[in-house]
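Here's the letter readout for the chains.
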Amino acid sequence: MDKTVLIVEDQDDLRLLIRLTLKRFGRVVASADATAVPALVAAERPDIVVLDVWLGAAISGLDICRELKRDAMAPKVVVLSACGQQSDIDAGIAAGADMYIVKPFSPEGLESAVATLLAAPRPL
Amino acid sequence: MAERPTPDTEAHRLQVLLSLNILDTPAEERFDRITRLAARLFGVPIALVSLVDANRQWFKSRHGFDVVETERSVSFCTHAIQQDDVMVVEDAAHDPRFSANPLVTADSGIRFYAGAPLAAPDGARVGTLCLIDRTPRHFDADQCIVLRDLAAIVANELAAVELNRALQRQRENEAAMRALIEYMPEGLLLLDADGTILYVNPAAERIFRCSPHELLGRSAQVVLDEDMAALRARTGMPDLTPVEVRGRRADGSHLTLEFTLNRMILDGERRIAAIVRDISRRREADERSRATDERRRKYFATATHELRTPMASVLGFSELLLKRDFDPATGRELVEIIHRQAGRLVSLINQLLDLARIEAGGKEDFDIRALTAEELIDQTRSGLVGLGDTERIQVTLQEGLPRLAGDLQKLQQALTNILSNSIKYSAPGTPIALETFDAVLGDRAAIGIRIRDRGVGMTPEQQAHVFDAFYRADTGSSVPGSGLGMTILKEIVDLHGGTVELTSAPDAGTTVTMVLPAADVHHG
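First to last, the protein sequences are chains D and P.
Counting from 1, position 71 in the first sequence corresponds to residue 137 in the numbering used here; the numbering is continuous, with no gaps.
Counting from 1, position 385 in the second sequence corresponds to residue 702 in the numbering used here; the numbering is continuous, with no gaps.
Incorrect hints may have been included.
If the Cβ cut is set under 10 Å, some of the chain P residues that face chain D in the computed set are [what the hints assert, rightly or not]:
#1 622
#2 623
#3 627
#4 633
#5 641
#6 643
#7 652
#8 654
In case anyone wonders, no lab produced these hints; they're calculated from the structure.
We put the beta carbon where it would ideally sit given N, CA and C, even for glycine.
Please model the complete structure; the sequences and the hints are all you need to start from.
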């Protein structure tokens with residue numbers, strides 16, 4: 067496939083896991099640095115962003131998601147988080163996430179979720 | 318001898334007399350001046366204030382008469398109190414009621430008697446003001462009137478006895494009420510309808526740390542952050558529901574108060590009685606327990622997060638290995654990740670359980686005994702195998718230190734956590750100095766153990782969080798760690814009643830100083 071996937075995850079092992087899981091969709095760009103996300107989105111024009119929530123003390127993945135979704139042309143966002151309480155999930159959806167997946171996760175589950183989101187038409 | 322009259326009201330009359338509490342009391346000028354005056358006025362040798370008791374008549378005042386009391390059976394007054402008006406016996410020798418009376422038949426006995434009854438405030442006739450002479454006399458109506466008037470004055474004095482006693486009782490009641498209010502442990506304010514302070518009790522003065530003159534006549538807003546109208550609206554008088562209000566002490570400091578208001582009418586004026594309680598301490602305790610709850614919740618959330626992250630690697634990579642094909646080198650790399658993350662999971666769970674056990678068990682679970690710092694350090698060093706180059710640790714023991722009071726196992730764990738950080742975060746080959754020294758904890762002898770490395774050190778910001786659970790100054794994951802080592806260290810040292818301090822500067826190394834109480838030499 068020819069999609070672009072952006073992974074934002076500060077754990078090296080998990081970044082590799084997600085990269086391996088999603089590489090069949092096309093190009094995979096991965097970053098450990100949350101502050102670089104807006105620039106990466108602008109430069110790489112990803113179709114989908116896989117976003118961790120706890121990305122260091124200063125910045126939350128939910129803030130990044132909210133910021134991205136202010137743009138009508140925003141990519142799909144999958145929030146991938148170790149925070150699994152209902153209130154966390156609600157907060158993720160409220161921040162505009164298209165999907166909220168709790169760690170630990172099944173790579174196959176993530177793969178099919180991403181496939182579903184990419185199959186849906188992007189807003190024009 | 319004449320029969321003694323005992324009417325139905327006799328019991329009541331005696332009750333009233335007793336309640337005057339006047340029988341057998343010393344002579345008093347206020348009665349004596351009346352008998353003196355009566356004797357002079359009527360020209361008689363004897364004038365008496367006679368009180369008729371059950372079996373005697375007792376003289377509260379005696380003019381010209383030495384006898385304190387006489388038997389009631391020979392009493393003239395017993396007869397006098399039977400009638401409303403003055404009883405006059407002009408010559409007892411010729412009166413059938415008294416002619417055989419021994420007081421009459423005696424040498425220079427009684428011949429003349431005139432007695433006016435003394436009425437208590439309720440009308441009960443308790444005695445007489447009487448005149449006595451040893452010769453027969455005539456006593457006319459005008460004289461009767463004068464005697465009755467004098468008797469009325471005596472009756473007033475008797476009433477005054479009662480009045481004074483009532484006054485005394487009231488004073489005692491008032492003193493009791495005042496003492497009650499003054500020693501009442503809760504603050505009491507009396508306010509007018511506008512909230513002006515009319516009275517404060519000492520407890521309220523203590524609450525506001527004010528003297529009364531700083532409060533009296535001033536608005537309650539001097540000590541409250543809320544005006545009276547708002548407060549009254551909130552209290553829902555007259556339901557007497559306590560409300561919480563922020564208050565101010567004289568020194569400007571704030572406190573949390575509980576106010577209960579009640580309204581009343583005092584001398585026709587609308588007034589408010591307020592009970593005021595200082596609940597600052599209760600609120601602070603609530604706040605502390607809220608903070609503790611919040612910390613626990615955060616701790617739990619963090620622990621969950623920290624556990625899920627390595628679990629995600631273990632679950633995810635193992636699933637990939639099962640479902641996909643990888644070249645042998647990649648496959649092996651993924652298995653290594655699984656193994657590493659599983660190891661991390663195990664150590665995290667162990668540390669979490671350690672911390673939970675220490676917190677749950679508290680000091681009771683500690684096996685505290687007297688042990689030497691040397692013993693602790695030797696055991697810790699021999700347990701460090703596998704943690705890296707432990708030869709770098711240079712131990713300097715101060716001579717003659719007392720033994721310390723501690724749980725060897727727990728303190729070994731604490732010291733291991735410090736040393737393993739020093740080993741992990743300082744360059745290979747750089748020395749790690751471990752020394753012991755004399756210290757004090759308050760006024761108790763103590764043993765200090767200091768560990769100084771020349772490692773990467775920490776910024777002040779990092780130092781501030783170093784004892785927080787899951788905090789890792791090193792956010793890159795090149796060095797494995799749970800972020801619980803220093804938390805466990807602190808918990809262990811705290812439960813020993815010791816202290817632990819950390820000083821550090823980036824690139825200048827870190828010094829951790831642990832001070833532990835000495836074993837009590839007398840009981841140790």
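Hints, verified against the model:
Because the beta carbon of residue 622 (chain P) sits about 4 Å from the nearest beta carbon in chain D, less than 10 Å, this interface hint is met. Using the Cβ-Cβ criterion of 10 Å, the hint placing residue 623 (chain P) at the interface with chain D is satisfied: the shortest such distance is roughly 8 Å. With 10 Å as the threshold, the beta carbon of residue 627 (chain P) comes within range of chain D, its nearest partner Cβ sitting at about 8 Å, so the hint holds. The criterion of a C-beta within 10 Å of any C-beta in chain D is met by residue 633 (chain P), whose closest approach is roughly 4 Å, and the hint holds.
Interface restraint check: residue 641 (chain P) against chain D, minimum CB-CB distance 8 Å, threshold 10 Å, status holds. Hint on residue 643 (chain P) holds. Least Cβ distance to chain D is approximately 9 Å, under the 10 Å limit. The beta carbon of residue 652 (chain P) is not positioned within 10 Å of any beta carbon in chain D (closest approach about 12 Å), and the interface hint is therefore violated. Interface restraint check for residue 654 (chain P): the shortest CB-CB distance to chain D comes to about 5 Å, inside 10 Å, so the restraint holds.
The structure fails hint 7 only (numbered hints given earlier).
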